[in-house]
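Sequences are here, hints too, so could you generate the full structure?
With the working numbering, the residue at position 151 of the sequence shown is 1022, and numbering never jumps.
Hints may be right or wrong, so weigh each one.
In silico lysine-lysine, DSSO-like type, Cα no more than 27 Å apart, as pairs [to be verified]:
| # | residue 1 | residue 2 |
| --- | --- | --- |
| 1 | Lys979 | Lys965 |
| 2 | Lys1093 | Lys1023 |
| 3 | Lys1093 | Lys1074 |
| 4 | Lys1023 | Lys965 |
Label-pair distances were calculated between CB atoms; the ranges are [as the list claims (entries may be wrong)]:
| # | residue 1 | residue 2 | range |
| --- | --- | --- | --- |
| 5 | Ala964 | Gly1060 | 33 to 39 Å |
| 6 | Glu1019 | Ile935 | 39 to 45 Å |
| 7 | Gly967 | Glu1019 | 40 to 46 Å |
| 8 | Arg944 | Val1024 | 35 to 41 Å |
| 9 | His928 | Glu1070 | 36 to 42 Å |
| 10 | Arg924 | Gly1073 | 17 to 23 Å |
| 11 | His928 | Val1024 | 27 to 33 Å |
The hints are simulated quantities; they were obtained by calculation from the structure and are not laboratory data.
Ideal Cβ positions, reconstructed from N, Cα and C, are used throughout, including at glycine.
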Amino acid sequence: MALPDPRADPGQAGPRPTRRPTGLSRNAARGTLRRVRIAILDYDAGNQTSMLRAVEHLGFTAEITADPAVIARADKVIFPGVGAAGSCMATLAKRGLDTALASAVETKRPVLAVCVGMQLLFAFSDEDGGVPCLGLLEGIVERFMPDEPSIKVPHMGWNTVAHTGDPLFAGIAQDERFYIVHSYYCAPGPDIDVIAVSEHGGKFCAGVRHGALAALQFHPEKSGPAGLALIRNFLTA
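See below:
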């Protein structure tokens, strides 16, 4: 998969932002929260609580839910996750969350997917011997197969991320460091906008955009001030 260099076109990325992201003040965010219903999907995949704490730290309220009806009423949906594709897909289907997510995307409500949440949006994952996924984005998920023994799998820890200047990254510097844990990477189809890349034995897709749907391979909820700024950008857009 040939990935674009997000920094290759200065006109696309805009002026270089400052190193320390600012965004809305907490008081401004509190004024916004009264108008925004935020649902965080609960499908036994972990990290829901970490995401909730990040959202609340920004002055918003959100609900961790496995109820499709709550998701249907939400203004914004967060699809977090740490887990394996097979068990995650089984739980999504059992709870009707696969249909709820598809409806949110179809109705163009803002959705932010993270880590395995991002991977499950695609058509197929190589994990667990091969798993059909949600098919909301064109592309597949493949395992890292590095040629060099020094490149470890899983890829774990802090890594730099280059971005295209997508609004999700407003106020976030190029090559900011984010926390990431994964053994598989997304290979998006040609109609999916790659908005961020990172490197682990070569470039890989670290973020995509398709309309109101955005997805990240790294964990903004575990990435300090830059991660909080990114979540704030999603919640206030």
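So, going through the hints one by one against the coordinates:
no.: 1; hint: Lys979 <-> Lys965; result: holds, 24 Å
no.: 2; hint: Lys1093 <-> Lys1023; result: holds, 21 Å
no.: 3; hint: Lys1093 <-> Lys1074; result: holds, 22 Å
no.: 4; hint: Lys1023 <-> Lys965; result: violated, 34 Å
no.: 5; hint: Ala964 <-> Gly1060: 33 to 39 Å; result: violated, 23 Å
no.: 6; hint: Glu1019 <-> Ile935: 39 to 45 Å; result: holds, 40 Å
no.: 7; hint: Gly967 <-> Glu1019: 40 to 46 Å; result: holds, 44 Å
no.: 8; hint: Arg944 <-> Val1024: 35 to 41 Å; result: holds, 40 Å
no.: 9; hint: His928 <-> Glu1070: 36 to 42 Å; result: violated, 29 Å
no.: 10; hint: Arg924 <-> Gly1073: 17 to 23 Å; result: violated, 34 Å
no.: 11; hint: His928 <-> Val1024: 27 to 33 Å; result: holds, 32 Å
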